[in-house]
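Undergrad: Read off the chains here:
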Amino acid sequence: MNYKTKVMNNYNLDEAKEFDYVYRSGRGLNRKLVEGLSERKNEPKWMREFRLKSLSFYEKMRLPKWGVDLSGIDFEKIYYYLQPVKKTEASWEAVPRAIKDTFEKIGVPQAEREILAGVKGQFDSEVVYSSIKKMLSKKGVLFLSMDEAVVQYPDLVKEYWAKTVLPMDNKLAALNSAVWSGGSFIYVPPRVDVKLPLQAYFRMNSESAGQFERTLIVADEGSKLHYIEGCSAPVFSTASLHAAVVEVVVKKGAKVQYTTVQNWYKNVYNLVTKRAVVAEEGQMRWVDGNLGSKISMKYPACILRGRKAKGEMLSLSWAGAGQQQDTGAKMIHVAKETSSQIISRSVSRDGGRASYRGLVKINQGAVGAKAKVKCEALILDDLSRSDTYPTIVSLEEQSQVEHEATVGRLGEDQLFYLMSRGIPLDEAEAMIVNGFLEPVIKEIPLEYAVEMNRLINMEMEGGIG
Amino acid sequence: MRMSFVVKDLEVKVGEKKILKKVEMIINRGELVCLLGPNGSGKSSLMQSLMGNPIYQVNPEAKIKIDGVNVSSKSVDERVNNGLFLVFQSPVVIPGVTIREVILAWQREKKRLGDKFLGSKDDVWVWKKTIEEKAKRMGINKELLKRGLNEDFSGGEKKRMELLQLTLYEPRYVLIDEIDSGLDIDGIVVAAKEIDRLVKKEKVGVMLVSHSQSLWRYLKPDRVLVMKEGSLVKEGGAELINELQDKGYEQL
Chain A
1 MNYKTKVMNN
11 YNLDEAKEFD
21 YVYRSGRGLN
31 RKLVEGLSER
41 KNEPKWMREF
51 RLKSLSFYEK
61 MRLPKWGVDL
71 SGIDFEKIYY
81 YLQPVKKTEA
91 SWEAVPRAIK
101 DTFEKIGVPQ
111 AEREILAGVK
121 GQFDSEVVYS
131 SIKKMLSKKG
141 VLFLSMDEAV
151 VQYPDLVKEY
161 WAKTVLPMDN
171 KLAALNSAVW
181 SGGSFIYVPP
191 RVDVKLPLQA
201 YFRMNSESAG
211 QFERTLIVAD
221 EGSKLHYIEG
231 CSAPVFSTAS
241 LHAAVVEVVV
251 KKGAKVQYTT
261 VQNWYKNVYN
271 LVTKRAVVAE
281 EGQMRWVDGN
291 LGSKISMKYP
301 ACILRGRKAK
311 GEMLSLSWAG
321 AGQQQDTGAK
331 MIHVAKETSS
341 QIISRSVSRD
351 GGRASYRGLV
361 KINQGAVGAK
371 AKVKCEALIL
381 DDLSRSDTYP
391 TIVSLEEQSQ
401 VEHEATVGRL
411 GEDQLFYLMS
421 RGIPLDEAEA
431 MIVNGFLEPV
441 IKEIPLEYAV
451 EMNRLINMEM
461 EGGIG
Chain B
466 MRMSFVVKDL
476 EVKVGEKKIL
486 KKVEMIINRG
496 ELVCLLGPNG
506 SGKSSLMQSL
516 MGNPIYQVNP
526 EAKIKIDGVN
536 VSSKSVDERV
546 NNGLFLVFQS
556 PVVIPGVTIR
566 EVILAWQREK
576 KRLGDKFLGS
586 KDDVWVWKKT
596 IEEKAKRMGI
606 NKELLKRGLN
616 EDFSGGEKKR
626 MELLQLTLYE
636 PRYVLIDEID
646 SGLDIDGIVV
656 AAKEIDRLVK
666 KEKVGVMLVS
676 HSQSLWRYLK
686 PDRVLVMKEG
696 SLVKEGGAEL
706 INELQDKGYE
716 QL
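From first to last, the protein sequence lines are chains A and B.
First residue of the first sequence? That's 1 in my numbering, and the numbers climb one at a time after it.
First residue of the second sequence? That's 466 in my numbering, and the numbers climb one at a time after it.
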């Protein structure tokens with residue numbers, strides 16, 4: 001059964017396109033849909049039961065009442081499962097033309113695919129293209145779509161599945177647990193250093209298409225991994241929902257960096273649950289750039305469970321017209337001598353609203369724990385807004401928490417100064433904004449950093465002010 | 466056409482308050498003009514207004530001419546590209562924006578305007594080298610060039626950075642607002658040497674505000690202008706500096 005859906009896209013990337021869907025569920029969510037979805041994916045019984053149990057949590061739970069207004073999401077109108085092509089394509093040649101075009105237009109050039117260790121593209125709810133270099137399999141690294149992993153490595157997946165983010169964690173995590181589709185599964189064996197960053201590049205492509213990817217990363221003892229997730233989505237006429245769950249298991253002495261460049265179109269609700277559990281001397285670093293979406297709620301967490309575990313969050317948020325970025329981090333210090341750092345920078349403009357919302361919790365017994373929070377906000381005009389909601393709970397006397405927050409406006413004196421160096425007004429503004437964001441941007445891999453700067457400059461040019 | 470910087474009928478207000486009244490002045494190429502006056506007399510306001518700081522409202526009849534081109538209604542960056550440069554008394558901090566990025570942004574603008582610009586990749590490296598060489602001459606530590614402009618700079622380092630930019634921009638007319646404050650004696654010597662070179666060798670017209678005697682020990686102005694309560698009230702030769710030093714501004 002084929003469905004044709006017309007997608008309008010005016011983000012100067014491409015024109016109206018048509019896509020074929022092998023399968024599309026009806027709108028709305030029910031038990032039958034979940035069962036059917038699980039069956040189509042040939043899932044083991046435990047996964048089907050997990051989905052159904054999660055669905056019952058979802059039905060009972062309420063949306064968060066704090067922070068942001070989510071009343072614009074009509075859960076009844078969402079397609080919970082889309083399958084654009086029959087199965088994951090083994091080679092690039094086999095990927096349909098329309099999808100290749102899309103990849104080209106969102107800028108995944110051939111060269112990049114060759115350079116990077118593995119490119120996984122998610123088209124709607126299914127991974128349609130995946131390439132894993134020999135290097136990865138030689139080292140015993142597993143990098144595949146979550147759907148494949150459940151079928152091919154059921155025991156390994158089951159061991160870690162939903163142990164970090166439980167389905168009842170929040171309503172959207174429960175929703176994801178019930179209808180998840182796509183996402184990545186990565187396993188890095190002990191002491192293996194995956195030198196090249198692994199990337200997932202995915203894109204939503206259908207009106208009211210819900211995206212519920214599920215990513216699970218397990219970094220075994222002493223291993224090292226950098227995972228990059230970047231996305232762009234076309235403009236839709238009705239609001240779309242993106243509710244992903246990311247779980248990261250950082251074992252003893254392992255180091256993981258998870259970089260996200262989020263550029264969803266400005267009608268997307270981006271409500272993501274990301275959490276890492278970090279064992280002794282392990283290190284977890286979230287780098288999170290939020291440029292797109294209508295509303296984002298995202299607070300990546302590190303649970304520092306082992307002695308000397310380290311958690312870090314570098315967050316960059318851009319809130320333009322009609323956008324609300326409610327972002328931050330959670331650092332939970334459970335063990336002794338754990339340390340964490342949160343650095344957040346936000347820019348709001350043309351009526352956009354950027355909020356930092358964070359939690360640092362130091363449990364009793366986490367002797368010698370150290371936490372540092374530094375959030376800075378830049379407001380570019382009188383229409384825009386920035387708020388800070390830092391929560392610090394310290395139950396251990398022998399610990400240290402530093403917190404620093406500043407909100408500033410784009411300085412007239414800074415503009416005059418740069419203009420007095422021969423730089424026109426609009427460029428001077430963009431330079432000041434880029435300079436402000438630089439501490440986070442410099443932590444993002446070069447090709448994404450360049451893209452980020454380009455997007456920011458585009459936003460600056462497109463602004464009303 | 467006369468090669469000079471000419472100001473005529475300049476009146477400046479901030480809000481409702483008139484702070485400069487009927488200012489008329491001239492700076493010729495290759496001339497060093499000293500601007501003196503008591504605190505709050507309007508010296509900095511004059512320099513900021515001439516550069517085009519939007520907080521100063523300039524009367525529409527005013528003429529600010531650079532080698533015959535009236536720039537009084539032109540934007541700040543356009544004035545720079547007409548050959549004017551301002552050395553700030555208190556330069557602001559611009560986090561994350563390095564001097565090299567500033568220079569390259571200015572070069573891009575010049576290219577857009579059709580000015581001669583090599584624009585090749587090599588050029589980026591040529592600029593890097595030029596900046597480093599000149600920085601060395603100004604006694605600026607190479608490490609400072611990697612930071613955002615004036616980010617965690619000492620007072621003296623800020624002033625040396627202003628001097629460095631002054632030499633990189635190669636203007637025809639320069640307004641220098643208290644370059645000496647915050648500079649140590651070595652810094653003052655470097656500043657005096659650079660200003661002297663610009664005036665005598667590059668034939669730049671310079672107007673310089675300075676309260677300190679130390680700078681005038683190394684530099685000899687061609688003319689001295691005295692400002693009081695927003696007006697230029699007196700003009701004379703270099704000897705006026707000593708005269709004012711002895712008698713103060715009260716006599717005027």
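In short, the hints are calculated from the structure, not lab data.
Hints are not guaranteed to be accurate.
[To be verified] Reference listing, derived: stretches of chain B covered by chain A, where coverage requires no fewer than 3 residues with Cβ under 8 Å from a Cβ of chain A:
hint : region
1    : 514 to 526
2    : 545 to 551
3    : 661 to 668
[What the hints assert, rightly or not] Ranges between beta-carbon positions, derived for each pair:
hint : chain 1 : residue 1 : chain 2 : residue 2 : range
4    : A       : Pro190    : B       : Val557    : 24 to 34 Å
5    : B       : Glu481    : A       : Gly322    : 33 to 43 Å
6    : B       : Gly621    : A       : Lys65     : 18 to 28 Å
7    : A       : Gly411    : B       : Asn524    : 46 to 56 Å
8    : A       : Trp46     : B       : Glu608    : 55 to 65 Å
9    : B       : Tyr683    : A       : Glu402    : 24 to 34 Å
10   : A       : Gly411    : B       : Lys658    : 42 to 52 Å
11   : A       : Gly411    : B       : Lys482    : 15 to 25 Å
12   : A       : Arg191    : B       : Lys607    : 54 to 64 Å
13   : A       : Lys65     : B       : Val557    : 40 to 50 Å
14   : B       : Ser555    : A       : Arg191    : 24 to 34 Å
15   : B       : Ser555    : A       : Lys77     : 49 to 59 Å
16   : B       : Ser540    : A       : Arg62     : 49 to 59 Å
17   : A       : Asp387    : B       : Glu708    : 37 to 47 Å
[To be verified] Chain B residues, not near chain A, derived (Cβ > 10 Å throughout):
hint : residue
18   : Gly621
19   : Gln630
20   : Ile706
21   : Glu715
22   : Gln716
The C-beta atom is built at its ideal place from N, Cα and C for all residues, glycine as well.
Undergrad: With reference to the structure, classify each hint as holding or not holding.
TA: Against the structure, the hints come out as follows:
Check result for the region 514 to 526 of chain B against chain A: holds, 5 residues qualifying (beta carbon to beta carbon below 8 Å, three or more required). Counting residues of the region 545 to 551 of chain B whose CB lies closer than 8 Å to any CB of chain A gives 4, so the stated coverage by that chain holds, three being the minimum. With 0 residues carrying a beta carbon less than 8 Å from a beta carbon of chain A, the region 661 to 668 of chain B misses the three-residue requirement, and the given coverage is violated. Between Pro190/A and Val557/B, the C-beta spacing of about 52 Å breaks the proposed range 24 to 34 Å.
For the pair Glu481/B and Gly322/A, the beta carbons lie near 39 Å from each other, so the given range of 33 to 43 Å is met. Between Gly621/B and Lys65/A the beta carbon distance is about 55 Å. The supplied range of 18 to 28 Å is therefore violated. Restraint check, Gly411/A to Asn524/B: a C-beta distance of roughly 27 Å breaks the suggested window 46 to 56 Å. Between Trp46/A and Glu608/B the CB atoms are about 58 Å apart, so this pair conforms to the stated range of 55 to 65 Å.
Checking the proposed 24 to 34 Å range against Tyr683/B and Glu402/A shows it is violated: the Cβ atoms sit about 47 Å from each other. A hinted range of 42 to 52 Å is violated for the C-beta pair Gly411/A and Lys658/B, which are about 33 Å apart. In this structure the supplied range 15 to 25 Å holds for Gly411/A paired with Lys482/B, their Cβ-Cβ distance being about 22 Å. A hinted range of 54 to 64 Å is violated for the C-beta pair Arg191/A and Lys607/B, which are about 39 Å apart.
Checked against the hint of 40 to 50 Å, the pair Lys65/A and Val557/B passes, with Cβ atoms roughly 43 Å apart. A beta carbon spacing of about 55 Å between Ser555/B and Arg191/A contradicts the range 24 to 34 Å that was offered as a hint. Look at Ser555/B against Lys77/A: about 57 Å separates their beta carbons, and that is inside 49 to 59 Å. Between Ser540/B and Arg62/A the CB atoms are about 54 Å apart, so this pair conforms to the stated range of 49 to 59 Å.
For the pair Asp387/A and Glu708/B, the beta carbons lie near 59 Å from each other, so the given range of 37 to 47 Å is not met. The beta carbon of Gly621/B is kept farther than 10 Å from every beta carbon of chain A, the shortest such distance being approximately 19 Å. Gln630/B, annotated as away from the interface, has a beta carbon of chain A within 10 Å; the closest lies near 7 Å. Listed as a non-interface residue, Ile706/B keeps its Cβ farther than 10 Å from every Cβ of chain A; the least gap is roughly 28 Å.
Distance check on Glu715/B: its Cβ is at least 33 Å (rounded) from any Cβ of chain A, clearing the 10 Å threshold; non-interface status holds. Against the 10 Å criterion, Gln716/B stays outside the reach of chain A, whose nearest CB is about 35 Å from its own CB.
In the structure shown, a violation is registered for the earlier hints numbered 3, 4, 6, 7, 9, 10, 12, 14, 17, 19, in ascending order.
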